[in-house]
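Q: What follows is the residue order along each chain.
Number of protein chains: 2
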Amino acid sequence: MISNDNTEFRDLVSLTHGFAVILVEPQLGENVGMVARAMGNCGLWDLRLVGPRDGWPNSAAIAASSGADLIIHAARVFSSTAEAIADLQTVLAATARPRDMTTEVFTPREAAKRLRQDVVAGANAGVLFGKEAMGLDNDNVALANGVLSVPLNPKFTSLNLAQAVLLVGYEWFQTADRTPGEGLALSKETRPANKQEMLGLFEHLESELDICGFLRVKKKRPVMVRNIRNIFQRARLTEQEVRTLRGVVSGLANHSKKPLE
Amino acid sequence: MISNDNTEFRDLVSLTHGFAVILVEPQLGENVGMVARAMGNCGLWDLRLVGPRDGWPNSAAIAASSGADLIIHAARVFSSTAEAIADLQTVLAATARPRDMTTEVFTPREAAKRLRQDVVAGANAGVLFGKEAMGLDNDNVALANGVLSVPLNPKFTSLNLAQAVLLVGYEWFQTADRTPGEGLALSKETRPANKQEMLGLFEHLESELDICGFLRVKKKRPVMVRNIRNIFQRARLTEQEVRTLRGVVSGLANHSKKPLE
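Those sequence lines, one after another, are chains V and A. Mapping of the first sequence onto the numbering used here: residues -5 to 255, in sequence order. Mapping of the second sequence onto the numbering used here: residues -5 to 255, in sequence order.
So that you can see chain V by itself, here it is in the shape it has in the complex (with noise of 0.2 Å):
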């Protein structure tokens, strides 16, 4: 659920300031709702509806939006494509289908990348999709900039209208966010081993080799003692999974020390 306290609604538009999903001649009011929900998701809340086929407000949007109602009640109607878009400076239509015109297309990364520099430079941008089984008519595309095409399997492009606005947004989200590629998520409590208690370990563990007798080859010892850091080494311990494995060998150790009954 979108929280509708206000704070929450300030920062989700402060976040996504300047880019609207302009829905042309959409039919279903379900698919308006799923359309509302995938903006949830990527933080956008401008939603702009050109003729609705089935009225508006619409209580089939509503339910299909799941808890993303602020958006469908902040959903603005207009009679034309031209209305709707026109206090954006920098507009682009969806569409799959390769058309005879020419006009630039873009890829939603290139997209949302040129749309993003845009609309840090103080413009608002938005971007027009077409009716769920017809896409954009020639005369709608006309009005945008340039043509954006997600680049799928070439065999099986058909994304209904929901995915389509996704993956824009997703592409739009991802322009602001920070998230590294890769981190390593800690649990609570502990932090990255050090080398001091990695060292700890492999010498704890290559003593109690040492004694039971698998590293018995002198020539083969550097070799296996080296293969057997780097297991370690890859896995990226935390100092409490050092304390952890130290355990782990103790006990097998021990184990192995008591006499068999």
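Be aware that one or more of the hints could be misleading.
Below, a list of computed lysine to aspartate or glutamate pairs in the EDC-like style, where the Cα atoms sit at most 20 Å apart [said to hold, decoys possible]: (1) A:Lys107 / V:Glu104; (2) A:Lys125 / A:Glu24; (3) A:Lys107 / V:Glu176; (4) A:Lys107 / V:Asp171.
Not everything, but these chain V residues come out facing chain A in the computed CB check (under 7 Å) [as the list claims (entries may be wrong)]: (5) Gly34; (6) Asn35; (7) Phe100; (8) Ala179; (9) Lys182; (10) Thr232.
Keep in mind the hints are simulated off the structure, nothing from the lab. The C-beta atom is built at its ideal place from N, Cα and C for all residues, glycine as well.
We have chain V already, so just place chain A on it with the hints.
A: What follows is chain A alone, placed relative to chain V:
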């Protein structure tokens, strides 16, 4: 519709070799069908189901797959996650929920990059997705090399199953796709204008603007000429469009030369 022509199916298989989508205890057949559709969009075909609640095969899944029924028919059912991933070398677990576990966390973009590297090197890869309402439990997460989390609006993260698969599949597809980020789509039977054609247009326009007196202030003429040239340089005109614009200039100029009636 995905064609069931054998050649096309082989192309599809070769494009997507080595990447499996594993649904752990999916509930509604309809959602499995929508996952298959999203996989079709992204050129993926290896669908694996662990203990689907509503049984398999499932007619609701076929109906919801919107033509991706080849994927549905090729889906394999397993009784445990461990069996479903036995032949895979690299497996990530898709989850939105933060967990008190120490694990590597990847964005879909970085995950796709790493998995593609592994697959190019000969490995088989896959991503685990949990059941609709609950996601994956921690035991399933611990079967994976790491976690995949989609960076989206932290106030509204709930993605449906097919949307999560779509975003992961989309990133996977992008790692192999060669579509340029931006390009000019040309209408048939034309090509970009060359500079001789552009200069022809400029000189034609400027000579008519001299005749009609628009460029009469000599001091301002060079700046105005440059400004007007820049407008058309930015437009990336085709040879056809240059001819159209020269017709426009002639049309306007000749009209103004006609005596008023």
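Q: Taking only the CA atoms, is the gap from A:Lys107 to V:Glu176 under or equal to 20 Å?
A: 11 Å, holds
Q: Take a quick look at whether A:Lys107 and V:Asp171 sit within 20 Å of each other, Cα to Cα.
A: 18 Å, holds
Q: Next item in the hint list is V:Asn35. Is there a CB on chain A closer than 7 Å to its CB?
A: Result: holds, 5 Å to nearest chain A Cβ.
Q: Next pair to validate is A:Lys125 with A:Glu24; report whether the Cα-Cα distance is within 20 Å.
A: 13 Å, holds
Q: Under the criterion of a CB-CB separation shorter than 7 Å, is V:Lys182 in contact with chain A as hinted?
A: For V:Lys182, the interface hint holds, since the closest Cβ of chain A sits about 6 Å away, which is under 7 Å.
Q: Hinted pair, alpha-carbon criterion (20 Å max): A:Lys107, V:Glu104. Please report holds or violated.
A: With a Cα-Cα distance of about 18 Å, the restraint between A:Lys107 and V:Glu104 holds, given a limit of 20 Å.
Q: Hold the hint about V:Ala179 up to the distance rule: shortest CB distance to chain A must be less than 7 Å.
A: Given a least distance of 5 Å, the restraint on V:Ala179 holds.
Q: Would the hint on V:Thr232 stand, with a C-beta cut-off of 7 Å toward chain A?
A: It holds, given that the least Cβ distance between V:Thr232 and chain A is near 5 Å, below 7 Å.
Q: Interface hint check: V:Gly34, Cβ to nearest Cβ on chain A, cutoff 7 Å. Holds or violated?
A: Result: holds, 4 Å to nearest chain A Cβ.
Q: Have a go at the V:Phe100 hint: is there a Cβ in chain A nearer than 7 Å to its own Cβ?
A: 5 Å, holds
The earlier numbered hints are all upheld by this structure, with none contradicted.
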